[in-house]
Amino acid sequence: MPKAITTPLTQALAEGKLSREDLKSLMQRSNSKSLLRLALWLLMLATTSTLITLAWDSWLIWPAMFVQGIILVHFFSLQHECVHYTVFRTRRLNDIVGQICGLIIILPHRFFRYEHCDHHTYTQVTGEDPEMIPMPKTLREYLLYLSALPYWRAKFTELFRHASGRLSETEKGFIPKVEHAAVYRDARLMLTLYVGIFAAMAIIGWWGLIWYWIIPLFLGEPVMRFVRMTEHVGRPTVPQMHENTRTNMVSAPWRFLCWNMNYHAEHHYVASVPYHALPALHEKLKDHIHVEPDGYIGAHRDILRQLFARKHG
Amino acid sequence: MAEPVWRDVIARDVLEQNWVTRVDFGQRMLAIYDTPSGIFASLALCNHGGADLCDGYFDGHVIECPLHQGAFDVRDGRPVGAPATRPMKTFETRVENGIVQIRA
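So the protein sequences, as listed, match chains A and B.
Per this note's numbering, the first sequence starts with residue 1, numbered consecutively.
Per this note's numbering, the second sequence starts with residue 314, numbered consecutively.
Each hint should be verified, as a subset may be incorrect.
[As the list claims (entries may be wrong)] No more than 30 Å apart at the CA atoms, straight line, and that leaves these computed lysine-lysine pairs for BS3-like:
id, chain 1, residue 1, chain 2, residue 2
1, A, K3, A, K286
2, A, K3, A, K155
3, A, K172, B, K402
4, B, K402, A, K24
5, A, K284, A, K3
6, A, K177, B, K402
7, B, K402, A, K3
8, A, K3, A, K17
[To be verified] These stretches of chain A come out as covered by chain B in the derived footprint (C-beta under 8 Å, 3 or more residues):
id, region
9, 108-119
10, 270-277
Bear in mind the hints are in silico, worked out from the structure with no lab data behind them.
Glycine included, C-beta positions come from ideal geometry on N, C-alpha and C.
Please construct the entire structure, taking both the sequences and the accompanying hints into account.
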């Protein structure tokens with residue numbers, strides 16, 4: 001009889017860490033719960049946008065834009081949840097919201113979806129995981145990654161490559177042939193939309209979006225790089241999920257911002273569980289996964305400790 | 314090849330209600346779906362990555378793979394969400410005297 005592949009979920013079920021009833025209950029999705037959370041999220045964004053407006057003629061606009069940027073870059077977390085179809089019960093809503101998030105943070109949704117599938121299949125497997133962030137070898141590499149400069153270089157290269165009708169060999173490995181044209185179309189549409197937005201601003205003579213969106217996005221991205229490093233960097237580069245992924249215990253505001261994606265090992269164990277059920281899943285799995293009690297700061301202490309140990313080892 | 318005939322699979326009343334139930338059926342593993350419009354059946358393994366669809370999220374007529382959240386409509390097997398791009402194998406299904414049967 002053909003057998004299902006072994007996944008962290010099948011292992012968790014086989015080892016009794018999770019029951020089938022637990023799984024069924026944890027996987028339930030809700031439109032209303034997520035729409036309410038999204039409304040709060042947008043209210044938070046409206047508040048930081050107001051701060052930018054109030055600080056318009058002073059140097060305080062820079063910290064205001066930075067705070068706005070921290071929220072903007074966390075649209076990645078929402079988009080990531082949409083990629084897994086776990087934000088809304090209605091699948092189409094996940095697609096729509098995910099695409100809007102992608103437009104805000106310059107990450108085409110369809111492409112991210114395919115790339116992210118391989119990240120879940122080959123988490124932390126060197127040469128196979130397309131989202132793998134390598135462990136930095138030097139402090140310079142560490143700081144360079146946090147600057148987000150390599151990230152933006154990679155993302156813009158990717159976007160223009162797709163718009164010109166090309167995929168890298170790695171991308172050809174995870175995007176099915178029938179979707180190549182759609183990936184190219186998405187990139188072209190995205191670039192056309194950005195050109196249209198800038199043209200519209202030039203025509204009406206109002207450049208506000210640069211101050212409310214573009215500059216904050218670039219100011220905020222190092223924060224997202226700081227967060228993303230904590231998920232896998234410094235964990236062993238092995239396929240075992242209980243070792244290769246880090247769950248970070250962070251405070252409520254950070255959990256709200258990242259849509260509970262700090263429960264990263266739990267998410268990798270059962271990617272069908274929506275963000276709002278991850279704390280409950282954590283209670284079931286916490287003795288079987290790697291948990292960093294000191295959150296993002298603790299994770300970076302761990303990364304830096306390993307970095308300096310290697311350097312002086 | 315032999316003509317497909319109706320074969321017993323599982324008793325209707327042991328199916329998980331409004332959910333998916335895994336059944337070993339000879340050399341095959343089947344997923345039997347209890348939906349608002351009746352019982353449907355497919356092969357249990359996702360044709361994208363080989364994961365067991367019976368551990369996935371099921372809602373209405375859509376089964377979602379637990380590994381990558383690709384999705385299929387269980388009524389006809391058509392893919393309704395990436396990375397699923399090919400239809401999954403489904404079976405004609407009926408309930409006779411309280412037993413779910415498939416034509417195979």
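Taking only the CA atoms, is the gap from K3(A) to K17(A) under or equal to 30 Å?
-> Given pair K3(A), K17(A) holds - Cα atoms ~21 Å apart, limit 30 Å.
With a cut-off of 30 Å on the C-alpha distance, tell me whether K402(B) and K24(A) pass.
-> Holds, because 24 Å separates the two Cα atoms, which is no more than 30 Å.
Given the hinted pair K177(A) and K402(B), is their alpha-carbon gap at most 30 Å?
-> holds, 21 Å
Please count how many residues of the region 270-277 of chain A have a CB within 8 Å of a CB from chain B and say whether that reaches 3.
-> The restraint on the region 270-277 of chain A holds, since 3 of its residues have a Cβ under 8 Å from chain B and three suffice.
Between K3(A) and K286(A), is the straight-line Cα distance small enough, at 30 Å or below?
-> Given that 30 Å is the threshold and the Cα spacing comes to 28 Å, the pair holds.
With a cut-off of 8 Å between beta carbons, are at least three residues of the region 108-119 of chain A near chain B?
-> Our answer is that it holds, as 4 residues pass the Cβ test (under 8 Å) against chain B, meeting three.
Hey, K284(A) versus K3(A), does the alpha-carbon distance stay inside 30 Å?
-> The hint holds at about 26 Å.
Hint consistency between K402(B) and K3(A) [alpha-carbon to alpha-carbon, up to 30 Å] | holds, 16 Å
Does the alpha-carbon distance linking K172(A) and K402(B) stay inside the 30 Å limit?
-> Given pair K172(A), K402(B) holds - Cα atoms ~26 Å apart, limit 30 Å.
Would the pair K3(A) and K155(A) pass a check requiring their Cα atoms to be no farther apart than 30 Å?
-> violated, 38 Å
In this structure, only the earlier hint numbered 2 is contradicted, and the remaining ones agree with it.
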